[in-house]
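Going down the list, the protein sequences come from chains X and U.
All you need for the working numbering is the position in the first sequence, starting with 1, plus 282.
All you need for the working numbering is the position in the second sequence, starting with 1, plus 282.
Calculated directly from the structure, the hints in this document are not laboratory data.
Among the hints, a few may not be true.
[Claimed, not checked] Here are the simulated DMTMM-like pairs of lysine to aspartate or glutamate, each with C-alpha atoms no more than 25 Å apart in a straight line:
#	chain 1	residue 1	chain 2	residue 2
1	X	LYS439	X	ASP427
2	U	LYS485	X	GLU303
3	X	LYS407	U	ASP358
4	U	LYS485	X	GLU305
[As the list claims (entries may be wrong)] Simulated coverage check for chain U against chain X, where a stretch passes if three residues somewhere in it have a Cβ under 8 Å from a Cβ of chain X:
#	stretch
5	323-334
6	379-388
Note that the Cβ used here is the ideal one computed from N, Cα and C, for glycine as well.
2 protein chains.
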Amino acid sequence: MSVETKATNIVWHAHAVTRTEREERFGHRGATLWFTGLSGSGKSTLANAVDAALWERGVRSYVLDGDNVRHGLNRDLGFSPEDRTENIRRIGEVARLFTDAGIINLTAFISPYRADRDAARALQKEGDFIEIFVDCPLDVCEQRDTKGLYARARAGKIPEFTGISAPYEPPLRPEIVVQTAERTVEECVAQILSYLSNSGALKP
Amino acid sequence: MSVETKATNIVWHAHAVTRTEREERFGHRGATLWFTGLSGSGKSTLANAVDAALWERGVRSYVLDGDNVRHGLNRDLGFSPEDRTENIRRIGEVARLFTDAGIINLTAFISPYRADRDAARALQKEGDFIEIFVDCPLDVCEQRDTKGLYARARAGKIPEFTGISAPYEPPLRPEIVVQTAERTVEECVAQILSYLSNSGALKP
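Excised from the complex, chain X in its bound form (with noise of 0.2 Å):
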């Protein structure tokens, strides 16, 4: 890039630092980790544990979930089909960008809507975005109800609830499945250590 400034007869000349350059530092790569999965799953539980994991072991991460963005980026949004997509495609485009700057990022949101999710992964190169099916059976999420969303669901008082009454389209081929009822959360995390070690995700 070169920007000639004509009043000093000066030629502007910036290095824009790359992923790559980035990537050689850090010493692992960017990277989404996109967490779908039914409220109650443990998305946002298992991407901090993950996100704590790997700051254990130097890695530069960072945790995008409705706490950071559905109060901030997305509070235009509201739940209906449509709102969801948008809402998705923006986290898609954020997740892009914490990629980009050669950050592992993990986002944890219901993202219930495949195309939405294809749409996502589709931004990124192939290996960058690592779609992690957070696989926990309805009832057990329905019997956790953390947040007491499900009781307030099934008494109508929330419109368009996943799971209830709204949709949840399970991944095809995602690259990674925890099974929330069935293991630990630090059985899940090494799981998923072990699938970014393996792919190459953490060195550069």
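Since the structure of chain X is already known, use the hints to place chain U on it.
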């Protein structure tokens, strides 16, 4: 955060890595350097030059500009006043996420409206948002016309072009003013780095 797993009676615990922990390890604070100014004033060139200088110092930084945002996250937006406002709102939210991730993020957008920039500032804590007015006279920007946009705007081929047919509201109290018609890139970069050093942003 804890989620009780009813199925196995195991309580899930996850430690969320905090911004403070990130900043202590990285050795510098997260912050937004918000470049604002006319088209051709040198925002993107300067943001990339500062990014490169921070890179040399081992600082984690990332540039958000038209190339990676306007064609991605904000590709549904045009240049009407409403769309410009939404454009800057989203960029402000993404900047906040990068700051929270402990990264010095540099945004290079015209961002012509004072109220929009102030709204982006209000999303962040005192001191985290550093507004940099890239001050360059319109006639110099128009002489440079690196992208040929001014010629097209003068010919009436680009509606609502900032400085020609749409307003630019200069900052009233920016943290930094760089005068790119009178200084070299190196001088402007040195000025900005000096501010960052003195303000403590380059320390955790």
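Tested hints:
1. Taken as a hint, the X:LYS439 and X:ASP427 pair is honoured in the structure, with Cα atoms around 15 Å apart against an allowance of 25 Å.
2. Under the criterion of a C-alpha separation no larger than 25 Å, the hint pairing U:LYS485 with X:GLU303 is consistent with the structure, at around 23 Å.
3. For the proposed pair X:LYS407 and U:ASP358, the alpha carbon gap of about 22 Å is at most 25 Å, so the pair holds.
4. A threshold of 25 Å between alpha carbons decides the hint, and for U:LYS485 with X:GLU305 the separation of about 23 Å falls inside it, so the pair holds.
5. Under the rule that three or more residues need a Cβ within less than 8 Å of chain X, the assignment of the stretch 323-334 of chain U holds, with 8 such residues.
6. As drawn, the stretch 379-388 of chain U meets chain X at 5 residues by the rule of a beta-carbon pair under 8 Å; at three or more, the given contact holds.
Taken one by one, the earlier hints all hold for this structure without exception.
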